[in-house]
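Trainee: Guided by the hints, dock chain B onto chain A, whose structure is given.
So the protein sequences, as listed, match chains A and B. Each number in the working numbering comes from the position in the first sequence (counting from 1) with 233 added on. Each number in the working numbering comes from the position in the second sequence (counting from 1) with 7 added on.
Bear in mind the hints are in silico, worked out from the structure with no lab data behind them.
Stretches of chain B that chain A covers, calculated by requiring three or more beta carbons in the stretch to come under 8 Å of a beta carbon on chain A:
| id | region |
| --- | --- |
| 1 | 28-41 |
| 2 | 97-105 |
Below, in silico cross-link-like pairs of lysine to aspartate or glutamate (EDC-like), each with a Cα-Cα straight-line distance of 16 Å or less:
| id | chain 1 | residue 1 | chain 2 | residue 2 |
| --- | --- | --- | --- | --- |
| 3 | B | 10 | A | 292 |
| 4 | A | 302 | A | 286 |
| 5 | B | 45 | B | 93 |
| 6 | B | 45 | B | 29 |
| 7 | B | 10 | B | 33 |
| 8 | A | 336 | B | 51 |
Derived contacts from chain B toward chain A, CB cut-off under 10 Å, selection only:
| id | residue |
| --- | --- |
| 9 | 52 |
| 10 | 57 |
| 11 | 112 |
This one's a predicted model, so the numbers in the text were calculated from it and none came from an experiment. Glycine included, C-beta positions come from ideal geometry on N, C-alpha and C.
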Amino acid sequence: EAQVTQNPRYLITVTGKKLTVTCSQNMNHEYMSWYRQDPGLGLRQIYYSMNVEVTDKGDVPEGYKVSRKEKRNFPLILESPSPNQTSLYFCASSLLRTGGPEKLFFGSGTQLSVL
Amino acid sequence: AQKVTQAQTEISVVEKEDVTLDCVYETRDTTYYLFWYKQPPSGELVFLIRRNSFDEQNEISGRYSWNFQKSTSSFNFTITASQVVDSAVYFCALTSGSRLTFGEGTQLTVNP
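For reference, chain A alone in the conformation it holds in the complex:
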């Protein structure tokens, strides 16, 4: 089954404790990206990647890191989480065409709480 798998589904942590949210896709998609969803702000792109070893900042990259060592995986790293990073996070992937990403396939989301 074609899917984007995110883990964990829920995560509670404390300020400053490094964490990683994993994201994996099995559709051989070139494009992968991370978003955070906050009430009233919609979805905001954190980082995106157009291929292996190619990553770039989205609209809200501060406090986050990503890596794309393999085509299928795109982990999101919070080296020193702070309470303002409490949010619902989504990973997504898609084929890449001229002009940008096609239809995005989203993971189920990770609800992160930073105390």
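Mentor: Then chain B, alone, in the frame of chain A:
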């Protein structure tokens, strides 16, 4: 910089009414793509449509239709004869190469 605005935060209708969700965008690029996604109460995000900037033809898919007008930088979404199952948050989005920008979303509630 690119921007997407969905001015309607919440809309409430009664079943079988038609409803239009507004989306206004800003970009300096001449080539770009517009999207609509649906997020039902279960939380998953579901793709509805992708439209490129050179195709201004309106599109219809069942009860859903989209009206793209470059002159007003709008890409509005209409649901005809709404149903309770249409209740969801709807997001409009824009990309012009790589970065993807979403609007704030419109919460649609369809009451029986």
